[in-house]
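Top line first, the protein sequences correspond to chains A and B.
Residue 1 is where the first sequence starts when you use the working numbering, and the numbers rise one by one after that.
Residue 1 is where the second sequence starts when you use the working numbering, and the numbers rise one by one after that.
None of these hints come from the bench; they were simulated from the model.
Don't be surprised by glycine CBs; every beta carbon is placed ideally from N, CA and C.
Don't take every hint at face value.
Quick look at which bits of chain A chain B covers, simulated, 3 or more residues with Cβ under 8 Å [what the hints assert, rightly or not]:
#1 2-12
#2 23-32
Beta-carbon label-pair distances, calculated as ranges [what the hints assert, rightly or not]:
#3 A:Val17 x B:Ala153: 22 to 32 Å
#4 B:Met46 x A:Gly10: 45 to 55 Å
#5 B:Ala153 x A:Phe86: 36 to 46 Å
#6 A:Gly10 x B:Gly356: 38 to 48 Å
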Amino acid sequence: MELMIACAIGTLTACGVYLLLRARVFPVVLGLSLLSYGVNLFLFAMGRMASDSPPLIDAHASAYADPLPQALVLTAIVIGFAMIAFLAALALRAYVDLGSDHVDGGECS
Amino acid sequence: MNHWIIVPILLPLLAALLLLTGVCRGLLLERALSLTATVAMALISMGLLYSAAGGGFQVYAVGNWTPPFGIVLVLDRLSALMLVLTALVALFALIYALTGGDSIGRNFHILFQFQLMGLNGAFLTGDLFNLFVFFEILLLASYGLLLHGAGPARVRSALHYVSLNLVGSAIFLIAIGTLYGVTGTLNMADMAQKVAGATPESTAVLRSGALLLLVVFGLKAALPPLYFWLPEAYRAASAPVAALFAVMTKVGVYAILRLFTLIFGPEAGGSALVAEPWLLPVSLAAMVLGVLGVLAGRDLRTLVAYLVVASVGTLLTAVGLFDAKGIGAALFYLIHTTLITAGLFLLADLIGTLRGGAGDRFEPAAPIFRPQFVGALFFVGTVAAAGMPPLSGFACKIMILQAARESTAMSWVWGVVLATSLLNLLALSRAGSMLFWNTLPEKPNGEPVPVMASAPIIVLLAFSFLLIALGNPISAFTAATAEQLLEPAGYIKSVLGHLSGDAMRLAGGG
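Work out the full structure, taking the sequences as your base and the hints as a guide.
Dropping the structure here:
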């Protein structure tokens, strides 16, 4: 299970970085979303992989999962969502203002 | 518990929320509320500094949850110093903004108060993830402030700034996750204990986490090679925003100081001083690259922005020595450079408006009407920034050079500091002569210097005189702060109430 999660995190991060380096406005937004997915998965995995372990007190639970990384992931998802929404609006504004979808504005290659 | 500790966070939040609800509709009421809140925050910060100056740590457990499970705010000399610096810069930037800079876009005051909340929270918190959350608050507010007034230059630099900081946040989360996964805690004091007592197998992972944190804070502080966003962003931002941003790079410096003395300091066992081989070379490079930018700047705002890069380099050079004298010198320089660069940003904008069409670009233009006053301000500001006697820049430089005398890197530090000072001096003199003496034979622009715009500049630059006049008590304070920083046992004991066995052993018995 750890191998699968690690591969998923690696793939998401790699795709995110690739899209970031494309230096076009919309791929940057997508790349940052993918990067944030990978990072949130990483944070979640820091609570160690376990199945059938609830994070909240449960009468029928034999073992518990660490609830703190899950709380961290929730916070990170919310913050990331707000940031990506802001970035998407900014990207659209940049495309309109600078007339080009290159992040430096005006370069056409 | 001293409830005044959380007020610097709650007060700007309350002001921002009141402004958001639209209770104070109308620019005059907005300005009044914002100014009142900032003045109150400044007074409270100075009160907190007074209470922290005697030494000791005041711990505030938010919600009365006991550490290390709850989030704590810790007030020590360094936090109090940063609170006061933020409050002073914010107050005078706000006064300058009231002359018109706050109405070129919308929601200036709301964003300003949220920015202050984020800054104060970042300086006070004692929990690593809480530091991330406050970083995000202050970053999001700064995005809005950078875009204040719009225009293609601002939008382009904001796009770069936002994307880079989002990547930085992702790396911050990876670092936090790594450190949590190994130590099992997010509280800085508890983490310091766990890192000190870590097994050799986990040391490699801990060191990677620490260096990832160094990358993130280096991005915030604009260390090479992650500094390219800064000159564009500070050049494009409106003047009061650029002045407040003088504090933003110092958040990165503060985080490096706090984490790499408390958690990864000399007493951290296998992860001790993990940043030491990196910090000094990178900071020296920052000074060199900053001064090259200063020499190449084609207008005053770009020049001052590169001065910020060079000043962060100087700061972290002194911090990178990792001894009491170095950190004490760094803190004295921190006070000096934050106030002076804020004043210089405001002054650059003032000169730009007075010169009319040419702005603050280094090209011949019509002379300023009655240039003596603005010229005198420029002279004082650049003498302070270049580190010439008799102003505080010179005292800071002497302190840094003296601190470097006992280290192995002394020749490097002395060489780079002195060479960059000379080049800074050259560039600033050239700037002054271009702006004030290289004038076209035309009638001067007849605008008189606005009083309300020049008052905050005068006060900010006057702090240089104050730093020299009160040099003895202030340097005694910064030396005491450095001593307090280099003894993490005191911090850990105040937050957790006791030291664990490992930490006590490594600290030499507590």
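To see whether the hints hold, each was checked on the structure:
1. Under a criterion of three residues with beta carbons nearer than 8 Å to beta carbons of chain B, the stated coverage of the region 2-12 of chain A fails, only 0 such residues being counted.
2. Using a Cβ-Cβ cut-off of 8 Å, 3 residues of the region 23-32 of chain A lie near chain B, which meets the minimum of three, so the contact claim holds.
3. Evaluation of the 22 to 32 Å hint for Val17 (chain A) and Ala153 (chain B) yields a pass: the beta carbon distance comes to about 28 Å.
4. A hinted range of 45 to 55 Å holds for the C-beta pair Met46 (chain B) and Gly10 (chain A), which are about 50 Å apart.
5. At about 19 Å, the CB distance of Ala153 (chain B) to Phe86 (chain A) disagrees with the hint of 36 to 46 Å.
6. Against the hinted window of 38 to 48 Å, the Cβ-Cβ separation of Gly10 (chain A) and Gly356 (chain B) comes to about 57 Å, which falls outside the hint.
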